[in-house]
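Visitor: Sequence lines, in order, name chains A and B. Oh and the first sequence: position 12 is -7 in our numbering, straight run, nothing missing. Oh and the second sequence: position 262 is 273 in our numbering, straight run, nothing missing.
Hints are computed from structural coordinates only; laboratory data are not their basis. The structure displayed is predicted, hence computed values, not measured ones. The beta-carbon is built from N, C-alpha and C at its ideal position, and this holds for glycine as well. Any given hint might turn out to be false.
[What the hints assert, rightly or not] Computed, partial: chain B to chain A, Cβ under 8 Å:
{"no.": "1", "residue": "ALA77"}
{"no.": "2", "residue": "GLY79"}
{"no.": "3", "residue": "PRO81"}
{"no.": "4", "residue": "ARG119"}
{"no.": "5", "residue": "GLN185"}
{"no.": "6", "residue": "ILE190"}
{"no.": "7", "residue": "ALA191"}
{"no.": "8", "residue": "GLU193"}
{"no.": "9", "residue": "TYR198"}
{"no.": "10", "residue": "ALA200"}
{"no.": "11", "residue": "ARG204"}
{"no.": "12", "residue": "LEU211"}
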Amino acid sequence: MTSVVLEGVSKVFNAGRADEVTALTGVDLTVARGEFVSLIGPSGCGKSTLLRLVGDLIQPTSGAITVAGKSARTARVDQEYGIAFQQAGLFDWRTVQRNVELPLELRGSPRQERHDRAREMLDLVGLAEFAGHYPAQLSGGMQQRVAIARALAVHPPLLLMDEPFGALDEMTRERLQDELLRICASTGTSTIFVTHSIPEAVYLSDRVVVMSARPGRITEVVPVDLGPRTEATRQSPGFFAGITKVRKALRGDPVPAAEPLVAP
Amino acid sequence: MNRRLRLALGGVGAVLVGVALWEGYKAVGDPDGTVLFGARVLPRTDDAAMPHVWTVLSRFGDPELAGGDPIWLVVLQACLFTLRSVAIGFVAGALVGLLLAVLMQRLRVVERGLLPYVILSQTVPLIALAPVIAGWGGRLAIGPYPWQPWMSVTVIALYLAFFPVAVGMLRGLQSPAPIAEELMRSYAAGWWRTLVKLRLPASTPYLFPALRLAAAAAVVGAVVGEISTGTRGGVGRLVIEYSREATTDPAKVFTAMVGAAALGLAVAAIVGLGEFLVGRRRVRA
């Protein structure tokens, strides 16, 4: 069962003008249900563009995008995905609770259901006792967790994340990574995750999609199999091997079939 | 409580400082004013130009004309008459401003086409505009009701009040970050729901400063409108009438000015109260 299918997708900004930019070209990608896929690459390689295409926030110049078996537009209208950005983007005139309720409100869910669902999501990200607070009263990490709760509120089968932990300190970041994996595992959500960090991509993903710039395209897909993540995973040889593979792919070196296990 | 007390003390203090400055200058200034190179740089301080504060206050208690109503009552009634124009002009002006801002936000082409005219509208001198509005009004009737002079005054108040709201709200409606707009799009929220759930709440920090400016502009517009259209019954008319008696009864014109100032303060206080009521629900970090 597939969650997302991209076939021959390309995106050209300002087509036909002097400042024409080919952001993406010839992208084929399939994300299976429940799979965690990271997009990694240098700035300007079009990974955020790719994410926005899947979310139907922008339209492709050519190619086809299918989300949950429907066109990207229909999937957006049906709220088949939740999205989170680098900034939490909470509405500062709403309490934490009401921020998480927002997507449910726009979907027209009844009051009681909204309330219960938002509570459940805040429990999931460990912020139940902050439901009545305003965003300005929370730390950056807590705001980001609220944003994730909001993205998950409609129980979407797909989660789109654009560098959601990019602005956080390393400790918060690692804690939220573990939390995200736990949430995705418990809800069976498929995830497309844009990041700049190689260790983050390797730690979180089932597959790391490596991209390059000018024109933006997929150069390599690195499968990662670290099993269930534990405390030891971040020190395991498999983790470092994955990092090496992704790093080489980013540099454009050919990856040998049998990669030796070397710590960097 | 402590904060409120300090606020009240600050208000009383400001009035006392104002009185002290007035009386202080009157005590030390040259009665004929200070003239430098043929130009008067400081005003006269004699009782005709600057009556004592207590003279003005006691004038409030005396009848307007021999045997008539006490002047405080006349000024109060005039202020209430003007308040009608101010209130209707302010509310209608705020609505017009809001509508224009929403239109300009919705369609860039409207913003580009309309905004210059909105700004241009405020450069037309009010004194020139007022008789024109009064003249147009004289040929209008709302159903069976003939156009009243105070309606022209209301239109002038509206004309000044809409501007700060239109400009301020346009900024406010455009203030949400791009990701907030993408978020609303990801929820499949259309233009109207994005307006209600995102743009309008996001613009309240811009709305209230704009409303305070609009309130002040509505008061100025109404008073100046009354003066320049010669509308009877309002405080603007009183200022004109009483200033004709300035040589024989200098304190009288100051009672009308105090009345106009009090009207401005009252309208500002109403806007402040509205802001307080809305603000209570907002961030208390």
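Visitor: State for each hint whether it applies.
Guide: Tested hints:
1. Hint status for B:ALA77: violated, given a least beta-carbon distance of 59 Å to chain A, over 8 Å.
2. This hint is violated: B:GLY79 has a C-beta 53 Å from the nearest C-beta of chain A, more than the 8 Å allowed.
3. Restraint check, B:PRO81 versus chain A: the minimum CB separation of about 49 Å is more than 8 Å; hint violated.
4. At about 17 Å, the closest approach between the beta carbon of B:ARG119 and any beta carbon in chain A exceeds 8 Å, and the interface hint on this residue is violated.
5. Against a cut-off of 8 Å between C-beta atoms, the interface hint on B:GLN185 is violated, since the closest Cβ of chain A lies about 16 Å away.
6. A distance limit of 8 Å between C-beta atoms decides the matter here; for B:ILE190 the minimum to chain A is near 4 Å, and the interface restraint holds.
7. Because the closest C-beta pair between B:ALA191 and chain A is about 5 Å apart, less than 8 Å, the hint holds.
8. The closest approach between the C-beta of B:GLU193 and any C-beta of chain A is roughly 5 Å, which is under the 8 Å cut-off, so the hint is satisfied.
9. Interface hint at B:TYR198: satisfied, since its Cβ lies 4 Å from the closest Cβ of chain A, which is below the 8 Å cut-off.
10. Because the closest C-beta pair between B:ALA200 and chain A is about 5 Å apart, less than 8 Å, the hint holds.
11. Satisfaction of the interface hint for B:ARG204 is found here, the shortest Cβ-Cβ separation to chain A being roughly 6 Å, below the 8 Å cut-off.
12. For B:LEU211, the suggested interface contact is broken, since its CB lies about 10 Å from the closest CB of chain A, more than 8 Å.
Checked against the numbered hints listed earlier, the structure breaks hints 1, 2, 3, 4, 5 and 12; every other hint is satisfied.
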